[in-house]
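Trainee: Residues per chain are reported as follows:
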Amino acid sequence: MVDVVVKDLYKKYRRKEALKGVSFEALEGKITVLFGPVGAGKTTTLRIIAGLERPDRGRVFFGGADVTDRPPQERNVGLVFQTFALYPHLSVYENIASPLRAQGLPQSEIDEKVRRVAEMLRISDILEKGPAEISGGQRQRVAIARALVKDAAVYLFDEPLTNLDYKIREAMRGELRKILKERGGTMIWATPDPQEALALGDYVVVLHNGVVEAQGEIHEVYNRPRNTTVAKYFSYPSMNLIKGVVKSREDGVLVDLGFTALKVPRAKLPEEVAGEVVVGIRPTDIKILLAGEHGIWGTVVLTEVLGSETLVHLDVAGTRLVAHVPEIFRAPPGSSVRLLIDPGRVYLFDRSTGELLHAPG
Amino acid sequence: MICVVNVLVDNVSHTYTKPVVTVALVDVNLEFKHGGFYALLGPSGCGKTTLMKIIAGLLKPTKGRVLFDGTDVTDWPPRKRNVAMVFQFPVVYEMSVYDNIAFPLRNYGYSESYIKKKVYEVSELVGIKDILKTPASKLDPASRQKVAIARALVREPSVFLFDEPLSNLDPLSRMELRVKIKELQRTVKTTMIYVTHDQAEALTLADYIAVMNEGRVLQFDTPANLYEYPRNTFVGFFIGNPGMNFLNCELAEGGLKCSDVFYPLSTKEVEVLSGRGSEFVLGIRPEYIRVGRERGLFKAKCIVREELGTAVLLHLETPGGVLVKAKLPPTVDVREGEEVAVDFPREKVRVFTKSGDLIF
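Residue numbers (the numbering used here), protein chains in the order written: chain L, 1 to 361; chain G, 1 to 360.
Since the hints were derived computationally from the structure, they do not count as laboratory data.
This one's a predicted model, so the numbers in the text were calculated from it and none came from an experiment.
Just so you know, not all the hints are guaranteed correct.
One-sided and incomplete, this derived list gives chain G residues near chain L with beta-carbon spacing under 10 Å [as the list claims (entries may be wrong)]:
| hint | residue |
| --- | --- |
| 1 | 170 |
| 2 | 196 |
| 3 | 275 |
| 4 | 285 |
| 5 | 288 |
| 6 | 292 |
| 7 | 308 |
| 8 | 355 |
Residues of chain L placed beyond 10 Å of chain G at every Cβ, according to the derived structure [stated by the list, open to error]:
| hint | residue |
| --- | --- |
| 9 | 103 |
| 10 | 260 |
| 11 | 340 |
| 12 | 359 |
Ideal placement from N, C-alpha and C gives every residue a C-beta, glycine not left out.
Make a model of the complete structure from these sequences and hints.
Mentor: Okay, here's the thing in structure tokens:
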């Protein structure tokens with residue numbers, strides 16, 4: 001068992017505290033996504049796990065053994081970075097084979113491993129080419145293949161798709177989960193993209209400003225964001241977070257948003273929560289109604305049509321909301337529309353701590 | 001008042017001679033009208049950045065002309081063209097946000113009182129009024145980009161050029177700034193040309209998109225037309241998340257056949273196709289595929305279920321090895337390994353020639 005456990009990591013660079021007590025575990029055979037925006041501490045965490053960086057405080061364990069003081073070469077880790085370098089004078093084959101040659105494996109074994117991993121990443125037909133002769137997406141596949149070819153205990157990926165063209169990212173996202181699952185081992189994958197995280201991960205650790213904001217089974221964290229930070233960042237599109245005032249707590253919670261009141265069914269708030277709360281509404285849970293139906297009046301600020309779906313940016317009595325419509329919706333800016341917010345899909349968060357008070361069932 | 005300009009790219013070709021001879025653009029003809037928002041969309045190396053440099057005057061094309069309001073500006077230096085550019089990596093100077101924005105105006109020798117008025121005006125538009133005193137070097141990437149946009153805007157350019165300005169931001173900031181740029185364009189009404197490889201950005205921002213590949217403009221059209229009627233398979237693939245599904249088919253008795261998938265055609269459709277060979281490509285967008293339990297065009301197994309937040313993407317495979325992706329609401333309860341019935345709505349199916357040109 002090579003579960004990776006990091007305990008209470010602290011790391012300070014000259015001006016910035018990068019990690020402020022980061023703890024989590026990544027289980028063998030699972031893909032753990034390290035999610036967070038730029039500057040959250042993802043790269044620092046991966047570098048510490050790899051042994052490229054020493055934490056100021058805290059420990060790293062591989063399969064129960066403390067490896068904090070071990071150099072990288074003794075950790076048996078496969079690494080892929082955002083900006084990756086291939087050996088320009090070597091063929092794709094030799095690039096992938098290089099870590100195995102360094103280990104001194106016999107040629108027959110090297111050949112078998114290289115061909116198997118190349119098959120997995122669908123680059124068998126370019127093995128004889130040089131890095132300059134292949135596309136950016138293929139180069140990134142080669143970099144991933146080079147990391148996966150080793151029988152490493154732990155594989156670390158630092159945003160390997162971020163610098164790729166959008167279309168290549170989209171294609172790889174779909175098949176990577178399968179490839180990583182086939183390889184096995186402990187996988188830790190860092191990304192700032194919630195869609196990529198959802199497509200790949202079994203577990204997620206949400207990092208923000210050097211602090212773990214949430215961790216757990218990825219859909220559980222997505223569906224029950226622990227606080228407003230998780231709701232804002234680990235959501236696609238970002239959750240609407242607006243102020244509300246609790247008016248009644250009998251038979252659910254009645255919350256006043258200023259422009260409308262919502263009766264949130266089955267919600268129970270702790271006694272001490274009174275007055276203001278933060279109300280979270282996913283863009284997918286705001287419906288735009290047809291003419292003639294009753295609803296809340298809003299003004300269209302902007303519509304963003306994305307092929308067959310639309311993000312509608314709205315102004316509702318001074319509050320900005322985003323609605324996701326699963327079809328093409330066109331309305332000129334300034335036009336009035338009527339909306340329906342499903343009260344059964346609403347989240348409630350504590351106003352001062354930001355913590356989750358209620359999530360829809 | 002900001003003057004807006006009509007930009008005409010007239011039969012432009014460009015070949016780089018260094019480091020190796022590379023054809024970057026081939027016979028490009030485009031018209032960017034007064035105050036419109038345009039996108040140049042395509043993969044790395046398609047020529048979109050080269051074209052933008054030619055419009056900006058940073059590069060002289062090997063052939064063809066660039067006209068601003070009918071005047072040939074091909075030989076004009078960038079400064080004379082009055083174009084503003086915003087790049088992928090925002091350039092900010094080691095000074096306050098205010099001084100950054102004021103910089104170009106001070107260079108032109110405007111009075112401080114005029115400068116103050118203009119700086120406040122554009123910082124209001126871009127939404128950085130609260131951070132005018134902050135040193136620009138201390139800002140996060142999204143705010144830096146806003147400063148760069150404000151500094152470009154303050155010069156009152158005739159044409160605004162963006163070179164992948166959001167590529168370097170995380171998804172949330174990217175969406176916020178995308179909305180900001182769109183709102184901005186509506187206010188200032190300058191002609192804007194926006195270079196990107198991200199189809200979502202192009203679709204949401206632009207009124208008109210030029211889809212480019214290998215130095216050529218494949219289609220110059222509205223987002224809706226690019227989506228519904230891609231002129232060829234490349235456009236169909238490139239537009240959409242993910243792009244269109246394509247099935248390589250043979251014209252068979254009364255329909256198109258791809259392994260164990262048979263798509264029936266009307267008599268009229270067969271007539272149209274029979275004059276154009278025996279092999280065709282059937283295209284359908286993942287969003288338009290219907291998945292059910294019983295009736296359908298064919299049966300397929302769900303081999304991967306990809307969660308996308310607002311939707312799920314099912315990778316479906318038939319016993320005969322035909323692969324299609326279907327994009328459905330997140331509530332759909334199809335699991336990996338399950339068999340489903342798949343249907344293609346007739347009005348959403350597109351048929352292309354074997355070489356990829358749209359027939360109907």
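Trainee: Need the list of violated hint numbers for this structure, in ascending order.
Mentor: 3, 6, 8
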